[in-house]
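S.K.: Chain by chain, the residues:
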Amino acid sequence: MTAWIDFARGPLFRLSLALMVLGLLRIFIITLLEVRDGYRANSDKIVSWKEIRRQTLGWLFPMFRLWRQRPIYSTVSFLFHIGLIVTPIFLASHILLWRQSVGISWAALPQVAANWLALLVIFTGAGLFLGRALYSPARKISHRQDYFWPLLLITPFVTGYIASNAVISPRTYQEMMLVHIYSGDLILLLIPFTKLAHCVLAPLSQLVTGVAWKFPPGAGDRVAETLGFADRPTWVLNPRLTTAPVEEAIRKGGVAK
Amino acid sequence: MASVMKSLTRPMTAEEREKAYSTPKKPDVMERQRLPVRYHVEDFNVEDRPRRFLEVFASVLQHHPNYRLALDHYMRVTTRCARCAVACPIYDATHDPHDIPCYRSELLLSIYRRHFTVSGALRARLLGDPGLADEKLQEMADSYYNCTACRRCHFECPMGIDHALVTHLGRYLLSEIGIVPRALVVSTREQLIGKTANTSAIPLPALIDTLEFLTEDIQDEKGVHVPFPIDQEGAEYIFFTSVSDFMMEAETLKGIAAVMKATGDSWTIGSKYYDGINYGLFYSDQVMEHVLHMMRAEAERLKVKKILIGECGHSARTAKFFYPTYCGGKNALPVISILEYTQRALKEGRIKLDPKVVTEAVTYHDPCNIARPGWIVNQPREVLKAFCSQYVEMAPNGRMNLCCGGGGGTVSIDEIRPFRTAVSGRLKAEQIRRTGATYCVAPCANCKKQLRELMEDQGVECEILGLHDLIYKAILLPPDSAEETAAAEAADGSTASPAEGSPS
Ligand code: SF4
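Chains as they are written, first to last, in our numbering: chain L, 164 to 420; chain P, 17 to 520.
Simulated from the structure, these hints should not be mistaken for laboratory data.
Please note that the accuracy of each hint is not assured.
Below, simulated PhoX-like cross-link-like pairs (lysine-lysine); rule was C-alpha separation at most 25 angstroms, straight line [what the hints assert, rightly or not]:
1. P:K363 to P:K321
2. L:K208 to P:K322
3. L:K303 to P:K152
4. P:K363 to P:K401
5. P:K368 to P:K322
6. L:K208 to P:K321
7. L:K213 to P:K346
8. L:K358 to P:K152
Output of the computed footprint for chain P on chain L, the stretches with three or more beta carbons under 8 angstroms from beta carbons of chain P [unchecked claim]:
9. 232 to 240
10. 357 to 363
11. 389 to 396
Looking from chain L toward chain P, a few residues come up when the C-beta cut is under 7 angstroms (computed) [as the list claims (entries may be wrong)]:
12. A204
13. K208
14. F378
15. A382
Cβ coordinates follow ideal geometry from the N, Cα and C atoms, glycine included.
One chain only, chain P, in its complex shape:
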């Protein structure tokens, strides 16, 4: 694997470097915020930041025994062997020591050691160390958003340190003093206290319009009535996906609806809350918890039995691994990814795919959030191999895949696109280019956006799409029964609308 990465590497030219680190941000803003980072940050109080950062740190340690555990342990075992450097795509591109995962973690670990351990405090007194300086905060603000939190380095650390957890904590602490990318907060704000309750600010009427339009589309293309049910109480599944899919990923949604139609399982989209995105995973535990509570409220309102997550890596991960954390432990509703669902349905013979439709070369990109824990690796491959005549793997893949370069929420930060496509996605672009595939399947809204930008900026000819985009091309739907046709006509070819009086 090392050799694969090595063979992909070509050093960045000075020109590329300059472009990658360029930013549309105005120097006077950086000056005012005393924050030389490339992402926009809403104005916040810059006075006395180190002290406030330490207060936040103390408070987080007080309420999160899990972080104290991790920091204590990591601080004791870290041996600084630098094996992680070879695993990190960012370091591979930049060869900047500041991008070594262990260095990144050490930023926070050293603060912890200095301010929150007895030996650190004693040492500081002996050496006359003044403690946390503002420069360190600035460095962290930059460093923790250069990392895509892909967790690849975790697998190469002999000491078992999870640098992405440290990055997560670092971002959380910074956000509590106001240092957080504007793109993430603005979306979260709309989701948690805005009128539309979703990160893309799509109002319900617009959503319903879109879904009706998609149903008509399918009717035209497949001659079958495929509804997108809204507010069906007591359905088996409630469906959440990255809400941007409703604007950007029509084909994916059509594929998912077609699969649901073919299996006949009842499913529904909630009219009060329909966003799977959870940026809390990227910068704040508090946000993550509140977003999951909204999901839970909607699931309970509609009395569904399971939560079904669309093609979105971080939505799936937050729901699968943190929904139980915040919403009832083992008694929480089960969370299923559409990728698992479709694979199972195919295995059980509940959906039929035409193997003659997709003849072009297809490759598969593993979204970090679902592949790294070993959760979803083989399922989509099984599905693809079942109907794509030319399936090619990229290497490395599966649990050791390379991040698309837009992980950890960085894909939503438009102003750092040059960095994402020149640095963090650099290896990925090369990797995809080498497969020579026509289609690259990336079942994740974030990966798709990033990979499309990457293909464009790096000049790779490969179409990025979701798994269900391809499934939609190949799925064989039985013709509507007379009743279904009647129902479709009665609904005027439209989506089942939410009940009267539901809020818009």
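So here's chain L without its partners, still in its complex pose:
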């Protein structure tokens, strides 16, 4: 079992971390490039930067607006996120691992605080799960995976907490560590490919929306042309009566597809 743990703590962790960083970097950059494309396609460069900044900061530090709607759920979610980010980064034993392997270290949380934070994550995480399962609108729009995320995310916290606090046999300790490390690695791996990617993408949302409302001039006409409707746009009589507009238009040689 020790070998398994060492593997997960060493090479697998490094791989997961690298994939996470690269993956997040990739979608972050892709999004920025798409923002650039959207911005360039437009002749109107009037974007309300002030509003974008205001809204982005507002959601990065959401304590002032969360209470507006679903206050309990929102507060729970806020606390969950804090614990989720802070605890693993500032846990003394994690920092120790960093020091041993790469030789870098930073200030650690006192163990008591870390314990409380871990409990916070566990309970708020369970709260998020219940909030989703019990609040009917959320239940109605949830995908199956949405129930899975909070459970997966609290797994390393539950096992980590038990391993470091409970009086357990060395064997159980090892089992806990095994689950702890593998679930942690799994989370890192999954972040860039799932909705967890919102950890880096969400701050771009206001920018994206601001630019997305800027429509490229002439695009509407070009769409109609591509579809073979250049002479019959939506507002002309019987707008869309042809059966196969595109094929027909291509046959007539009018449209490059």
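Please build the complex by placing chain P with the ligand on the supplied structure of chain L, with the hints as guidance.
M.R.: Okay, now just chain P with the ligand, sitting in the frame of chain L:
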């Protein structure tokens, strides 16, 4: 705020529900069009719709990088937390999961994910998913016109998703395969290729008649000659408003003309094009662009310096935020709303309002299109507070206001009035009732129409009017100078007519 909304809510009774979803549409039409929606749709080709929808989608993505950007991003970040549900007045009324903003957006996002991303295509292959089905199109056709595109939910989404943008895109895509409310297309058709070039099909002679009549009216009521200038080349402002105002909102227009008279700024209405309405915002970027080009052509013909938009929310928004998009970016003519204009004039002391005239309680409804971006929130309030002795706020208000229930063009779709007044305007009616105000000022042609119907159907005693209706009551106009009287007599008390030979 949550509490305000909660306290307003009372569940819909089964009876109300039935009425709200009733429709005058004939079942055989729905059958023929395979479209169980409550609004009328002109006949279109129903064969093979999913495939054609995807072709349209592909083409739109190809030419609009902005939409690809939004969809890619929204698809990645959406966490389905359901906070938006509480912000949406429609969901509040119906409690139908199909009316949760996030659900609405997911309709389109899931198609995008399935058909336009690699991972979606792979997944579909693994799971043997056949792809877009006709039922989904039908659902979208219904859902995207239940949303009033008010953008309220945008403020409550921690992920920053703008569901109204998705609704906009959804409607655009549907319209390209022929699914679009008849009311909107018919008006747009008249505006873009009809003889009268406006959505209400008001011919120029009728417009001139109306304006002359209004001038006479003001002369009788205020004893002052207040013209509605037409085709004044080189004027400072060209004036566009929802063209229906010329039939329905005489008082608003008189108020605006009185303000212009008092400030003395030159302004004009164009005889070739005088409609501010732009239904493109509600269903088609192509339409929006063409309508704005007509506006631009008229402004250039008359060599004006600025564009002045009357009391109309979506006209103001399309002009302010999309005129630069389509007509020259930063070099485009500046767009000003009459609400900003009047507030500035009042602040500069160029108009005088009598504070003793309006003594009844007055409240203010924020039209979504101008309030949501934070553009026009305080200006009209400042004006109202300056001369109304009893001003009351409704809550929530300002940028977080509740939509009148007729946004996104739905107010023009007469056949869905039961839905608008029972569902989408439900909270609004309660909100206005609670202010106990005699007048509710709603400076937007769409809001006014919807709110009047709402007051009637929900039995609320409150008169809906425009800001300038009240201003007209209270404005103090200096008496005409001798020259002005002479000019007025020379014009036979009439409006300045368009130059000889201008088309009718
Ligand atoms: S835009 Fe308005 S009506 Fe549409 S989903 Fe959002 S809150 Fe509801």
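S.K.: It remains to establish, for every hint, whether it holds in the given structure.
M.R.: Results for each hint:
no. : hint             : verdict
1   : P:K363 to P:K321 : 22 angstroms, holds
2   : L:K208 to P:K322 : 19 angstroms, holds
3   : L:K303 to P:K152 : 17 angstroms, holds
4   : P:K363 to P:K401 : 12 angstroms, holds
5   : P:K368 to P:K322 : 24 angstroms, holds
6   : L:K208 to P:K321 : 21 angstroms, holds
7   : L:K213 to P:K346 : 17 angstroms, holds
8   : L:K358 to P:K152 : 24 angstroms, holds
9   : 232 to 240       : holds (count 6)
10  : 357 to 363       : holds (count 3)
11  : 389 to 396       : holds (count 4)
12  : A204             : 5 angstroms, holds
13  : K208             : 6 angstroms, holds
14  : F378             : 5 angstroms, holds
15  : A382             : 4 angstroms, holds
This entry satisfies every hint, going by the numbered hints stated previously.
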